[in-house]
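Using the sequences and the accompanying hints, generate a full structural model.
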Amino acid sequence: MTEGVKLPKKLLENLDPGEEVVKAVRKRPALEKPKWLVVTDRRIIIFDEKILGRYEMTAIPYEKLKQVYLRSGVWRSEFKIETEEGETIELPWMDKEAAREAMLAIKEALQRISVEPPTIVRRKHLASEEWILNKPKEQITRSIVARQSPAQPAAQQAAREDPLDKLEKLKKLLDEGAITQEEYEALRKKILEEILGGKK
1 MTEGVKLPKK
11 LLENLDPGEE
21 VVKAVRKRPA
31 LEKPKWLVVT
41 DRRIIIFDEK
51 ILGRYEMTAI
61 PYEKLKQVYL
71 RSGVWRSEFK
81 IETEEGETIE
91 LPWMDKEAAR
101 EAMLAIKEAL
111 QRISVEPPTI
121 VRRKHLASEE
131 WILNKPKEQI
141 TRSIVARQSP
151 AQPAAQQAAR
161 EDPLDKLEKL
171 KKLLDEGAIT
181 QEEYEALRKK
191 ILEEILGGKK
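In terms of full-length UniProt numbering, the sequence shown has 35 at position 35, counting the first letter as 1, and numbering is strictly consecutive.
Derived from the structure by calculation, the hints contain no laboratory data. Careful, some of the hints might be misleading.
What the hints assert, rightly or not - Pair ranges (Cβ atoms, derived):
1) Thr58 <-> Glu20: 14 to 22 Å
2) Gly86 <-> Ala186: 27 to 35 Å
3) Pro136 <-> Val22: 32 to 40 Å
4) Leu187 <-> Arg76: 44 to 52 Å
Just so you know, even glycine gets a beta-carbon here, dropped at the ideal spot from N, CA and C.
Below you can see the structure in the form of structure tokens.
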């Protein structure tokens, strides 16, 4: 997704070891240094280059992401990122197509780590369209669970992974209509208690 895009050196220096950039959107006004929205497999980065090698960088890990909002009109787009702490970051410079591509990249990145798949709600109006991406209600992600406990014997690690597999299978049963929404919610609650260490 980043073919042909040369990312700033300072931005690359701030990436974690093994962190992968999946989408980068650049805005270069005539008299300013470029502004970037970078989507990685771990977080969203807003990078603002300044003169004399200075820069401003804001990083939002997916664990702290709450919602991404896009409203695209005929001439311009409105792109907002909201965190769980209540902070809202607006990127008014993004064009419509780039904003949509960024939204889809964030969805794909979330999908890799979330227990339940994220969805984009689309609302079409007369002269505009809204895209709303909410992080799945399940606050547990594979990356969080992996960090909650230190290294353990293989058997114990496998036991901790089992609830995640159960959740995935449970969601599949719901999607296939094999169980009702009520049954799904009840069983999901029990499995989440296991993941959170609720076993007595």
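Outcome of the hint check:
1. Thr58 <-> Glu20: 14 to 22 Å: holds (19 Å)
2. Gly86 <-> Ala186: 27 to 35 Å: Holds: the Cβ-Cβ distance is about 32 Å, inside 27 to 35 Å.
3. Pro136 <-> Val22: 32 to 40 Å: violated (19 Å)
4. Leu187 <-> Arg76: 44 to 52 Å: Given about 45 Å between the Cβ atoms, the range holds.
The structure fails hint 3 only (numbered hints given earlier).
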